[in-house]
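Start from the sequences and build out the full structure, keeping to the hints where you can.
The chain contents come next:
Number of protein chains: 2
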Amino acid sequence: MEIIFSKRTSVEEVEEGTNFQPKFDEKGLIPVITIDTEDNQVLMHGYMNEEALKMSIKTKKSHYWSRSRKKIWKKEETSGIFQNITKIQIDDDQDCIILFVKLSGTKASCHVGYKSCFYRELEKKGKGFSTSLVFNENKKVFDPEKVYKGLENPTKL
Amino acid sequence: MEIIFSKRTSVEEVEEGTNFQPKFDEKGLIPVITIDTEDNQVLMHGYMNEEALKMSIKTKKSHYWSRSRKKIWKKEETSGIFQNITKIQIDDDQDCIILFVKLSGTKASCHVGYKSCFYRELEKKGKGFSTSLVFNENKKVFDPEKVYKGLENPTKL
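Protein chains in written order, with the working numbering: chain A, 1 to 157; chain B, 1 to 157.
Hint data in this document are derived by calculation from the structure and do not stem from the laboratory. Hints are supplied without guarantee of correctness; some may be wrong.
What the hints assert, rightly or not - Only pairs whose alpha carbons sit at most 30 Å apart, straight line, appear in this in silico DSS-like list of lysine-lysine:
#1 A:Lys107 to B:Lys23
#2 A:Lys87 to B:Lys127
#3 B:Lys87 to A:Lys124
#4 B:Lys149 to B:Lys124
#5 A:Lys87 to A:Lys102
#6 B:Lys124 to A:Lys87
The following block contains the structure:
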């Protein structure tokens, strides 16, 4: 059955209603936070276009829009990392999504090899923070050179 | 002391290094996920410009860029909701930030009155999801009409 998103016609309905009315930005994308349902850790921050969102809703498998490769990217095609969606949350103005996922296969979600993309944090210094990073994951879960052999690195300067 | 972000000159350094080299998009913004340090719940998804990020690092108080009001927005000015930053994480390609915050004052972060902006989720249906939303917070923490009296609603159609 075709999935149709209803039109955004009132702020009240968007904020307090029960109709899913996702807002895509001027590039047709909506930001997505992906969380490991087992330990509540944020795994990654990505984007979906309308098609990727519909495919995710239908199949319960994470689909994203790859901004570097400019195509739909089903999370598992190249990496063997499966994200099975258990819950989809939307925020107040419906312009951001949270996916809760159960990982299977390689239990990691970061192309650099770590479990989470957020494997570094700012070092504390005095009353604030410095601009030096410290690692909060000590060991990679997989070797990206083996898994992504020959594929372009999505990280851009 | 002035905070300076070093230039992004190599993918290896961005991904595996210890220099904080945040990437701002073509609008000068970086997305920010804000998490309650007490229960790991995602409270909100916002944006910072370079100045808001530097002010957050310096003061350990959340500063964002308001896309609707087009100005820096210190989280507490209007709402009495304080976000005290305990940790700042950055992702692999350094184009997204997580703030871990301790809430004080009104223990909520959503302008609609709920604790988290993500107070709704897609209803489960068959093997996937429907496009009907169900609420996962049953009661508002505060009355937005009292707190934001006379201010423009940031939610846009």
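Worksheet item: Going through the earlier hints one by one, which of them does the structure break, listed in rising order?
Response: 4
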